[in-house]
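Undergrad: Now for the letters of each chain:
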Amino acid sequence: MSLESIVVRRMSEGDLEAVAELIARLKSLNEELDPNFKVVEDLDKVVREYLERSLKNDRVVVLVAEDEGNRLIAGVIRFELVDRLFYEPRLKAVITDLYVRPQYRRKRLGRLLVEKALDEARRMGAGIVTVVYPAGNRIADSFYTKMGFVELNKELYRPCKE
Amino acid sequence: MYAEPAITVRRAMDSDVAGLAELMYRFYAFNEEFDPSWATVRNLREAVKEHAAEALRDPSSIVLVAASGNSVIGYLRAALEENRLLASSRTLVIKELYVKPEHRRAGVATLLVNKAVDEARKLRAGLVAVEFPSANKIAEDLYLKIGFRPYLVRYVKEA
Numbered sequence: 570m571s572l573e574s575i576v577v578r579r580m581s582e583g584d585l586e587a588v589a590e591l592i593a594r595l596k597s598l599n600e601e602l603d604p605n606f607k608v609v610e611d612l613d614k615v616v617r618e619y620l621e622r623s624l625k626n627d628r629v630v631v632l633v634a635e636d637e638g639n640r641l642i643a644g645v646i647r648f649e650l651v652d653r654l655f656y657e658p659r660l661k662a663v664i665t666d667l668y669v670r671p672q673y674r675r676k677r678l679g680r681l682l683v684e685k686a687l688d689e690a691r692r693m694g695a696g697i698v699t700v701v702y703p704a705g706n707r708i709a710d711s712f713y714t715k716m717g718f719v720e721l722n723k724e725l726y727r728p729c730k731e
Numbered sequence: 194m195y196a197e198p199a200i201t202v203r204r205a206m207d208s209d210v211a212g213l214a215e216l217m218y219r220f221y222a223f224n225e226e227f228d229p230s231w232a233t234v235r236n237l238r239e240a241v242k243e244h245a246a247e248a249l250r251d252p253s254s255i256v257l258v259a260a261s262g263n264s265v266i267g268y269l270r271a272a273l274e275e276n277r278l279l280a281s282s283r284t285l286v287i288k289e290l291y292v293k294p295e296h297r298r299a300g301v302a303t304l305l306v307n308k309a310v311d312e313a314r315k316l317r318a319g320l321v322a323v324e325f326p327s328a329n330k331i332a333e334d335l336y337l338k339i340g341f342r343p344y345l346v347r348y349v350k351e352a
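If you read the sequences in order, they're chains H and V.
So for the first sequence, our numbering puts the first residue at 570; every next one is plus one.
So for the second sequence, our numbering puts the first residue at 194; every next one is plus one.
These are calculated hints, taken from the structure and not from any lab test.
There could be a bad hint or two in this list.
Claimed, not checked - Pairs of lysine-lysine, PhoX-like flavour, derived with a Cα cap of 20 Å:
{"hint": "1", "chain 1": "H", "residue 1": "Lys715", "chain 2": "V", "residue 2": "Lys330"}
{"hint": "2", "chain 1": "V", "residue 1": "Lys350", "chain 2": "H", "residue 2": "Lys596"}
{"hint": "3", "chain 1": "H", "residue 1": "Lys676", "chain 2": "V", "residue 2": "Lys350"}
What the hints assert, rightly or not - Pairwise CB distance ranges, derived in the manner of DEER restraints:
{"hint": "4", "chain 1": "V", "residue 1": "Asp251", "chain 2": "H", "residue 2": "Glu637", "range": "38 to 46 Å"}
{"hint": "5", "chain 1": "V", "residue 1": "Gly262", "chain 2": "H", "residue 2": "Val719", "range": "42 to 50 Å"}
{"hint": "6", "chain 1": "H", "residue 1": "Pro604", "chain 2": "V", "residue 2": "Lys315", "range": "47 to 55 Å"}
{"hint": "7", "chain 1": "V", "residue 1": "Ala240", "chain 2": "H", "residue 2": "Glu649", "range": "36 to 44 Å"}
{"hint": "8", "chain 1": "H", "residue 1": "Leu721", "chain 2": "V", "residue 2": "Glu275", "range": "29 to 37 Å"}
{"hint": "9", "chain 1": "V", "residue 1": "Lys288", "chain 2": "H", "residue 2": "Leu641", "range": "23 to 31 Å"}
Just so we're clear, the structure is a prediction, and the values are computed from it rather than from any experiment.
Quick reminder that beta carbons are idealized off the backbone N, C-alpha and C, glycines included.
Bound conformation, chain V alone (with noise of 0.2 Å):
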């Protein structure tokens, strides 16, 4: 009998890039299945190690990860995006969020966004936003429970 480390969220260091990429390629693996306009390039398992390295090397992204033990079981990658004009001026947007299917219904993304909601706060950003695809139920039934709404919305069509 042993205990399961506990799950902590802290922000990415480069000793989890390896971790990290293996997330990155299955968040990405997973969104093309929802729309093919997410088809992702033959490459991608070695193109998710050069975006996990870009992301932990770029001042105005943020990664968090939430480690079981020494494994990275799950991710958040936030970018801040500004618009002068409106009052509130900054967004901290998360771009990709991921939790391994085997560590799901236990929280772990709720901790990974209410983690990203204080640096946001840190980071004097008024709003928090995430973007999925339209047809990525998980996703909305995740985030309208934990108090996010609707806000914009994005259509598109082949060129």
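If we strip away everything but chain H, and leave its shape as in the complex, we get (with noise of 0.2 Å):
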């Protein structure tokens, strides 16, 4: 399978089935990484309805990867521009969810994906663009490393309760 005939658009209403099931996948898969990750119960309706607004939003970009040959959605992309407030460049794009699917892993989809969300950011004003995941995620470490993202912020965690 090549990456031939995959073309990388901005997501419309009729993706919203697919680019679902790919979003929970990926938040099930920080479920198996970290059980603080655990998933919600509607975890589809959530992720949907997460979708949606999504959509609405001037200020998030989702970048949907389709396989045009086996019309098939292979990745997803999103990103929203936070503005930093205090610090130059004020305007940043932060990574929140990137998904492709495991067939379609290890041709370089990942890196288009996270190119293209790159140029639109650009476009967008961005001046910096950052990711967060779970701290145990080591195919995220090496994707983002390779790619030439460095550590930014730290976030700690404890259980409020005693």
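Reassemble the complex: the two chains are provided individually, in unrelated frames, and hints are given to aid placement.
TA: The structure is reproduced here in structure tokens:
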């Protein structure tokens, strides 16, 4: 399976079902990597609503990679524009979701989605792009490191109850 | 206030088949995230039901479950392999091991593996082995911690 028939474009309403499946798989993977990311009971409903809101939000971009030959959504990336307020550059693009179907991995599709997202983010005025993912995700570690990403913030946690 | 039911580890029974199929689905869905060669069939949900039933029927397959009250929260499937040319001719190979995320970090996997080692002894297998995707650091850390060491390497390339 080559990348020849893959097209990257903005997500549309018609893609909702297919993209929701991919995002749900991403959240389930996070749960497998760390029980602190245990998914909610109505995950599918929550994901669908999240994507519907994303489509209506001017500061959010969702791109899909479609395998036109098989008419299948092979991957998705979502980012939001955030104003950092106190720091320059003010506008950052935060990658909130990136997922490629397992049988389409190792074909640089993830890289292609990130590059297209960066192009779009740049056009929208973002000066910096960041990504946040669970600390135990070594797949993401090596992927983003290879693309030149470097640590920026630290997020620590502990349970609230004693 | 109620106490959580204790976890028991036992051989799987026919009545466990539905719970087992669910866990097998999650095992295969998780593994495919590590390498495209582990990509599953499109009708995985259906296929695991048959896989679970077959594993229970197969005399050379050992299926153990970890149960909490009435629900199955973890499982292990192992198969006996034989090589007459080796002094230690029988190996029990753990093919699948999965514990639900909310029950992790509680020693359940260790209980399952220990029971598998007992079964290996009963079958006069001198070695217990386990296979998992190379990129699965969680599995690697777990098995090293309970005394496994690297043994065989399988490299792959698309044909």
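Undergrad: Check the structure against each numbered hint from earlier and tell me which ones fail, lowest number first.
TA: 2, 6, 8
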